[in-house]
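Student: Residue numbers (my numbering), protein chains in the order written: chain A, 1 to 160; chain B, 1 to 719.
If you're looking for bench data, these hints aren't it; they were derived computationally from the structure. Just so you know, even glycine gets a beta-carbon here, dropped at the ideal spot from N, CA and C. There may be inaccurate statements among the hints.
As the list claims (entries may be wrong) - Which residues of chain A face chain B? A few of them, derived with a C-beta cut under 8 angstroms, are:
1. T38
2. G39
3. L49
4. L103
5. K110
6. D112
7. E127
8. Q160
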Amino acid sequence: MKISNHILVVLAFGVLAAFTSQNITSNYKCMIQLKNYTGEGAYVIVSILDSHEEYSETLYVQGEDKDWFNEISEWWKFYGKYRPNLDAITGATVSGGERTINLIKIPTDKIDAGYYLRFETAVEDQEYYTTDLQLELTTENLTQKREGSGFIRYVKMIAQ
Amino acid sequence: MTVSIWRYSHLALFLISSLFLIAAALSGLILSFDPISEEFKSEHNSGLSEINLSELIQSVNSNFDETFTVEIDDNSFIKASIITEGASKQVYVSPITGKQIGNVREKNSFFQFVTNFHRSLFLKTTGRLLVGIFSFFLLLIALSGIFLLAKRHGGFRHIFSKVHKDEPSSYWHVKMSRWFFIPIVIISVSGVFLSAERFSLLPTSKNDEESPKSQWSGKNALDLITLADITKLEFPFSEDEDEYFLIDHHSGKLKVNQFNGEVVLMKSFGNMHYLTNWMSFLHTGEGSIIWSVLLMLNSLAILFFMISGFSVFLKRRSKSLSKPQTQTDKTTAEIIILVGSESGNTLELAHELFNSFLANDKKVYITGLNAYSSYPCAEHLIILTSTYGNGEAPANAGRFQNLLKTIRQENKLSYAVLGLGSTSYPNFCSYAIEVDGLLKRTNGFNELLPLVKINNQSSKEIQKWILALNDLFNIKLTLPKASRSKSTDLFIVKERTNLNSDDTFILFLEPKNNTLSFQSGDLLEVRSSENEAPRVYSIAEYNNGILLCIKKHPFGVCSSYLADVKLHEEIEASVVSNPKFRFPTEGNGVMCVANGTGITPFIGMLNETLDSDSNYLFWGIRTPESLGIYSQYLEGLMIHEDNLFITYSKLNKKYIQEDVITNIHLILALFKNGGILMICGSLQMKEELFYLLEKELKSKVNKSLEYFISKGQIKSDCY
Chain A
1 MKISNHILVV LAFGVLAAFT SQNITSNYKC MIQLKNYTGE GAYVIVSILD SHEEYSETLY
61 VQGEDKDWFN EISEWWKFYG KYRPNLDAIT GATVSGGERT INLIKIPTDK IDAGYYLRFE
121 TAVEDQEYYT TDLQLELTTE NLTQKREGSG FIRYVKMIAQ
Chain B
1 MTVSIWRYSH LALFLISSLF LIAAALSGLI LSFDPISEEF KSEHNSGLSE INLSELIQSV
61 NSNFDETFTV EIDDNSFIKA SIITEGASKQ VYVSPITGKQ IGNVREKNSF FQFVTNFHRS
121 LFLKTTGRLL VGIFSFFLLL IALSGIFLLA KRHGGFRHIF SKVHKDEPSS YWHVKMSRWF
181 FIPIVIISVS GVFLSAERFS LLPTSKNDEE SPKSQWSGKN ALDLITLADI TKLEFPFSED
241 EDEYFLIDHH SGKLKVNQFN GEVVLMKSFG NMHYLTNWMS FLHTGEGSII WSVLLMLNSL
301 AILFFMISGF SVFLKRRSKS LSKPQTQTDK TTAEIIILVG SESGNTLELA HELFNSFLAN
361 DKKVYITGLN AYSSYPCAEH LIILTSTYGN GEAPANAGRF QNLLKTIRQE NKLSYAVLGL
421 GSTSYPNFCS YAIEVDGLLK RTNGFNELLP LVKINNQSSK EIQKWILALN DLFNIKLTLP
481 KASRSKSTDL FIVKERTNLN SDDTFILFLE PKNNTLSFQS GDLLEVRSSE NEAPRVYSIA
541 EYNNGILLCI KKHPFGVCSS YLADVKLHEE IEASVVSNPK FRFPTEGNGV MCVANGTGIT
601 PFIGMLNETL DSDSNYLFWG IRTPESLGIY SQYLEGLMIH EDNLFITYSK LNKKYIQEDV
661 ITNIHLILAL FKNGGILMIC GSLQMKEELF YLLEKELKSK VNKSLEYFIS KGQIKSDCY
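Based on the sequences and whatever the hints tell you, model everything.
Tutor: Encoded structure:
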């Protein structure tokens, strides 16, 4: 009886914690500046990965044509299984040399908690960069200009 | 030869790309409604040129937490990407207040789906490549089509000349192609261009130059540039010194200092940028309702061309496949029929003739002109040929001239040439004339019948030629085509005259069915018995009945039959409408020229007209005595006596055509006033008159006879 009460309390806290952790997010303005390549607009996926570099959450998808999602193969392994609705965090692709600015909502409890922020990019009939840019999800990293290794020239973020 | 290459490629390209083209045309048709529906969705923002960027920046910043970009689309909607209440959103804003006036809806997912299909057939890169290639094929189809059109009309200059009446699918295919050629070229070229751009096949313009200089140097560009000048404005990411306003201005991309509005860098657009924008506009019609509607019509037209073109192809194929079953061996045949046919019409007639010879137990062989060879038992050579384009040989006749030179026949052959064509083309039957001339100049050939030229498959003219063959071979050829005529009506002979000195007589017939409609100038097909080919006569509508003037030919079955018809007897016949030979309704004057029984339609026409002063009648007849039988019917003729010219060919030793030419000034005045020359009577009279008239018109007004024929100012009905 006592034990079960404890369990209930723990469960209740756990649910509350899970509830709160899902809802408390920090807004960041994120600018992605692409390199001057020629061809179609680039698909960019921004995800959070856990300490084992397993996908944990999709923050932003740049690219509206779902037919191409499976070409972004690493992320597709995570997303493709359940395919939750992404409409709220989807934007149009931009071409080489252009930039986009978006609001991304990062769960506050994942900042400075050993998670990673990954930017992966792909362009139709061109390369796919799994880790065009990957950084540790730390408060410090979120305020710096970081250079990409694929189609991304740099990413800049600011707390909103 | 060249014609067949164009036609072959026109057809082959169509067959290869037909499925794709149907898909593209249908999806394109649907997509053309996208800009149209956009256009109707909301009101346009006008006065964008009144508002400068500083004003807009201020007004949006005061309304939203943060603004990332502002875009002005083809429909002048202002779309902003903003943050409000902690969430990012795409909204439409008012250019004046900067307030949100609506949410940006997702582009209609249906149109997006169709766009995707139209671009790549859901086959991604492969699909895009295919779409590009087939767009190029569409261009080739259009080009080969225009070459065929030019060939058909005898040169590019004549592309817009009148289209010869044909089967509806063929007629409209040709007629519409003249209007849709250019739009189709535009649509295919822009399609190819956009595909090439997608695959980076286009040269990148070198003249994208970057420079700190611009027309706004030293000024606050944000105050000077208005919303009408830009397509996109990107706000600085932060308030850092190195963050700028980025502007897509019509002349290039600008980087503007966010604090003082100075242009830091300007990257001018190269020509390729403008070209791409134009091509994209031409292909999608975005922003222009008129062009979208045109694109929609164009999609429909492509579908129409495919269907009509394919039906023309099927018809030709079935015509060329319907070979006669019981072909005599060419080594034993006595009569050889050679055919030169482009569209298959001539071939059809030739097959009917062939079958008709067979039915008369003649040993007959039929083949194309190009298959001409030696025929050991042959005695007669009958050639039926059309003409292609500018007087060229039709598709299956190009080698005949050379074959004729090299092949020796054992017997002396007697030949008859029948040319089929249309006087609405400048080179009427000119290939038949050439073939007739070739045979005339070649040893071993005798003329059986002089060359006969048939206008527009006139069954009347063909019948006459068949009758001549009947006389020569002493057989009874009939043409199934003619016996296929529509249902007949019964007519009662109400009046009739005796034969005059020229063996001519007049019948007045009343239709038993009083709802039957006919007009002066229409034709009456009469057949003396079931098996007989019908004869065709021009009629006058006279006192609600039909007036026929007939010359009895000594061996003419039908005219002999009619000459013996008694008063109140019934005869069976059918009226054939002849709209090309109608008296005009506007009274700009008409000159009627007739010889012999050719007067018939004019008796009806000039009876009905009210205006006697502006019309003329020239009539050639043998002797004054010949007139007797006509007199009672001529009484009601509304013609001023000064305008009536009768030439007695026997008495005056002069033909009517010469009399007409003596009065050429009347014709010139008539043509000037928009009047019409109508000719009815013998073919020989018409040809001589045309010959004389051509010379006169050339020297007096420097215009060709053809010019007036094509304007509908010369009409003829001769046989």
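Student: Go through the hint on A/Q160 and say holds or violated, using the shortest Cβ distance to chain B against 8 angstroms.
Tutor: holds, 7 angstroms
Student: If you take the shortest Cβ to Cβ gap from A/D112 to chain B, is it below 8 angstroms?
Tutor: violated, 22 angstroms
Student: Next item in the hint list is A/E127. Is there a CB on chain B closer than 8 angstroms to its CB?
Tutor: violated, 14 angstroms
Student: Does the closest beta carbon of chain B sit nearer than 8 angstroms to the beta carbon of A/L49?
Tutor: Hint violated; A/L49 Cβ to chain B Cβ min 23 angstroms, cut 8 angstroms.
Student: For the hint on A/K110, does the least C-beta distance to chain B fall short of 8 angstroms?
Tutor: Check failed: Cβ of A/K110 comes no nearer than 18 angstroms to chain B, outside 8 angstroms.
Student: Quick one, is the A/L103 hint okay against chain B at 8 angstroms, beta carbons?
Tutor: A/L103 check passes; min Cβ-Cβ to chain B is 4 angstroms, inside 8 angstroms.
Student: Does A/T38 meet its interface restraint, that is, does its C-beta lie within less than 8 angstroms of any C-beta in chain B?
Tutor: With a closest approach of 5 angstroms, the A/T38 hint holds.
Student: Please verify that hint: A/G39, Cβ, nearest Cβ of chain B, below 8 angstroms or not.
Tutor: Result: holds, 6 angstroms to nearest chain B Cβ.
Going down the numbered hints, you'll see the structure goes against 3, 5, 6, 7, while the others check out.
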